[in-house]
Each structure stands twice: as C-alpha cells, then as structure tokens.
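Throw the hints in and build the complete structure from the sequences for me.
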Amino acid sequence: MTTASEPARSVSLKDLASIYFWIGISSFGGGLVSWVHREAVERRKWLRDQEFLSGLALSQILPGPTMVNMTIYLGIQMRGALGAVVSWSSLVLPPSVAIVLIYLLYLQVQGVAVVHFALDGVAATAVGLNIATGVRVARRSRHLPALMVAAGVFAAVALLRWPMLWVVMGAAPISLALAWRRNPGA
Amino acid sequence: MPDTDLIDRVLELVRIFAPLSLVAFGGGPTIVAEIERQTVTVHGWLTHRDFIDIFAISRVAPGPGILLITLIGWKVAGLLGAIAASFAFYIPSGLLVSGAALLWRRHRTAAWRDKVERGLAPIAIGLIFAGAYSVLRATQGGLLAFATAAVSAAVLMWRPVNPFVLLVGGALIYAAAFPLF
Numbered sequence: 004m005t006t007a008s009e010p011a012r013s014v015s016l017k018d019l020a021s022i023y024f025w026i027g028i029s030s031f032g033g034g035l036v037s038w039v040h041r042e043a044v045e046r047r048k049w050l051r052d053q054e055f056l057s058g059l060a061l062s063q064i065l066p067g068p069t070m071v072n073m074t075i076y077l078g079i080q081m082r083g084a085l086g087a088v089v090s091w092s093s094l095v096l097p098p099s100v101a102i103v104l105i106y107l108l109y110l111q112v113q114g115v116a117v118v119h120f121a122l123d124g125v126a127a128t129a130v131g132l133n134i135a136t137g138v139r140v141a142r143r144s145r146h147l148p149a150l151m152v153a154a155g156v157f158a159a160v161a162l163l164r165w166p167m168l169w170v171v172m173g174a175a176p177i178s179l180a181l182a183w184r185r186n187p188g189a
Numbered sequence: 006m007p008d009t010d011l012i013d014r015v016l017e018l019v020r021i022f023a024p025l026s027l028v029a030f031g032g033g034p035t036i037v038a039e040i041e042r043q044t045v046t047v048h049g050w051l052t053h054r055d056f057i058d059i060f061a062i063s064r065v066a067p068g069p070g071i072l073l074i075t076l077i078g079w080k081v082a083g084l085l086g087a088i089a090a091s092f093a094f095y096i097p098s099g100l101l102v103s104g105a106a107l108l109w110r111r112h113r114t115a116a117w118r119d120k121v122e123r124g125l126a127p128i129a130i131g132l133i134f135a136g137a138y139s140v141l142r143a144t145q146g147g148l149l150a151f152a153t154a155a156v157s158a159a160v161l162m163w164r165p166v167n168p169f170v171l172l173v174g175g176a177l178i179y180a181a182a183f184p185l186f
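From first to last, the protein sequence lines stand for chains A and B. If you're matching positions, the first sequence starts at 4 in my numbering and goes up one per residue. If you're matching positions, the second sequence starts at 6 in my numbering and goes up one per residue.
For the record, the hints were derived by calculation from the structure and aren't laboratory data. Where a beta carbon is used, it is the ideal one built from N, C-alpha and C, also for glycine. Careful: at least some of the hints might be erroneous.
Calculated cross-link-like contacts (lysine to any residue; reagent style SDA-like; alpha-carbon spacing at most 25 Å) [claimed, not checked]:
hint	chain 1	residue 1	chain 2	residue 2
1	B	80	A	185
2	B	80	A	168
3	B	80	A	105
Covered stretches of chain B, as calculated for chain A (at least 3 residues, CB under 8 Å) [stated by the list, open to error]:
hint	segment
4	17-29
5	122-134
Distance ranges between label pairs, derived from CB positions [said to hold, decoys possible]:
hint	chain 1	residue 1	chain 2	residue 2	range
6	A	20	B	152	38 to 46 Å
7	B	8	A	139	42 to 50 Å
8	A	109	B	8	22 to 30 Å
9	B	49	A	145	34 to 42 Å
10	A	169	B	116	27 to 35 Å
11	A	164	B	184	31 to 39 Å
12	B	13	A	146	43 to 51 Å
13	B	12	A	154	39 to 47 Å
14	B	12	A	147	43 to 51 Å
Here is the structure:
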C-alpha cells in the first residue's frame, strides 16, 4: 500500500501528527474540514486546492464520518499507509480520551437537575446544526423524485423505526438509478 | 471467571456498529437515529435521558462529533465497550477509504462521481432529519426543544457563526429558563 502512493511533498510524520493533534483537540462544535483546508492547503501548501477538493468529494461519497475519511485520504496521499495511521490516531485518540474524562466529570454532577436542562439545550441546538446541514444538502437536490426518496427514508427510519441498514440498502439502488436516469451518459 | 454478560454486550456493540460503518453515507449525523433506536428501544441499555446527555456531551467536547459512539460504548460496557464500539465503526469505512484513496487518482474527472453524489444525497437528507426527529422526541423540552432547534438552524443558515458559540448559547438559555419549570 505504501509503494502505490508517492510522498510527493516533504511532509514529515511529525508534522502530520502535530497538525491533526491540534485540529482534533481544539475543534469544538464541528467545522474541522475548513480548518484542514487552511492548514494543509493555504498555510503549508502540502496539497493543491484541486487535490484537496477531490479528496473531500471522495470522503463525502464514501460511508463514514467525512472528517475521518478525509484524514485517512490525505494521510495516504502524503505519506502512504503510515501517514494515514499517524494522522488518524492523532486526530481521533486524544479527543477520545478527553471525551471519556468529560463524561466521568459529568457523572459527578448528574444528580444536579440544571445539568440535564443545560444538556437538553445543547442537544436541541445541536439538532438545529444537523438540520441546517440537511437543508443545505436538500437545496442542492431540488428534484421531486429525490425529495420523495428522502421523505421515504425519513419515514422508514424515524416513524416506522425500521433498521437503518435495510433502509439504506433498499433505498440506495433506487436513488442511484434515479440519479442515472435523470442524467444519462455524460 | 470471565463476565459473559459483559462479553455479550461488547460483541453486540461490534455487531451493531461494524455494518453501520458501511452505510453511513453522509457521515456522523446520519446514524444518530439508528444509535438511538438500537441503544434505547431495542436493547434498553440507555434511557432517553442518558441518550440526550451523551449526545449533547459529544457535541460540546472537542474532536469529531462521531465520538458519540465512543461514549455509547463506554456507557454500555466500560473501557472495553468504548474501544470495541469505536473500532467497529472506524475500521470498515477506514479500510474502504484507504482502498479508494489508492484508486481515486486514476478517476479524477470521472462523471460517475457526480451521479453517485447526487444519488446518495437524498438518503443522507432523510437520515439526518430522522436523527433530528429522534433526538427532539427524546428531549423533555417539547415545544421549546423544537423551537430551539429551528432557531439554531435558521441562525446557522443565515450567518456563518461558530457552532460552538450556538451550543453554549443553547445551554445557557436552558439553564436560565430552568427556574421557570
């Protein structure tokens, strides 16, 4: 795997570790992708804009968290498999430890009623952030059959409570076929 | 003597999260509804209260929002559960993106990419809204929760505000309203 990707620019593993450590541990509330763009493309010029966008497109198409996919993709592009492992662990492991510590702290104060109230507020606000993402994607696919698929997936998962695995495996071929029919060839 | 109950729960976490990894088209927000269904409704590992608190903590803590899974694992089966649930979710899609990263350069401009993106978008939309619905249903806030979500979505679409500022604002408003309830 390492031989297939040429480490074109001189990016050290230490650089990757330090960048992703800081992005992971100091990014609150999301928006990590734009931070990577600023660091890797604008400031350090490790990648061209086109390479970055191409990696972002791939990370969004494939299943899994976009930011984590993107980290693995860029790691491989810059330093092969080892680069991916170093970048990924620096991004994910320190915040994983932090979140467990925060959770243990929460367990100490969970008897206080106002804590749950504040967390209700955070949850409702966070839902709003997700809705904004959903609306943004929906605006790009304003097409009746596509929106019907979206409504069907929503009803199956939220209202009928069907397992997501079956819903996605059933809906994906239909939705992909619609995308192909709408825009054949090309 | 090994705790067979614990081992069962750890294996069940892997059985839930490994397949989800491969259908999470659209990232973290798309699996919230399924996590709630599996952990609260199907297995009864968490109460609605636990789920809301863990979901909220995962959003104000640093790092990718997907650390929700790590906390769910911790709540269900301690350290072993946190490790098992996280790796079960990270490894399948991680291997997929690694393989694709090596092939991708040859298909830089392929037209099918655009169609795959268009084809998967409606599924992500449906799943994201389903996740929003299941969190709102689980909160005790009722109308207040729906209104807060609507306002926060509207603000974010109107101005590029820092999401963390919004989250803290939501926490403060609720804490301030607390004496009224």
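Could you tell me which of the numbered hints above are not met by this structure, giving the numbers in increasing order? 1
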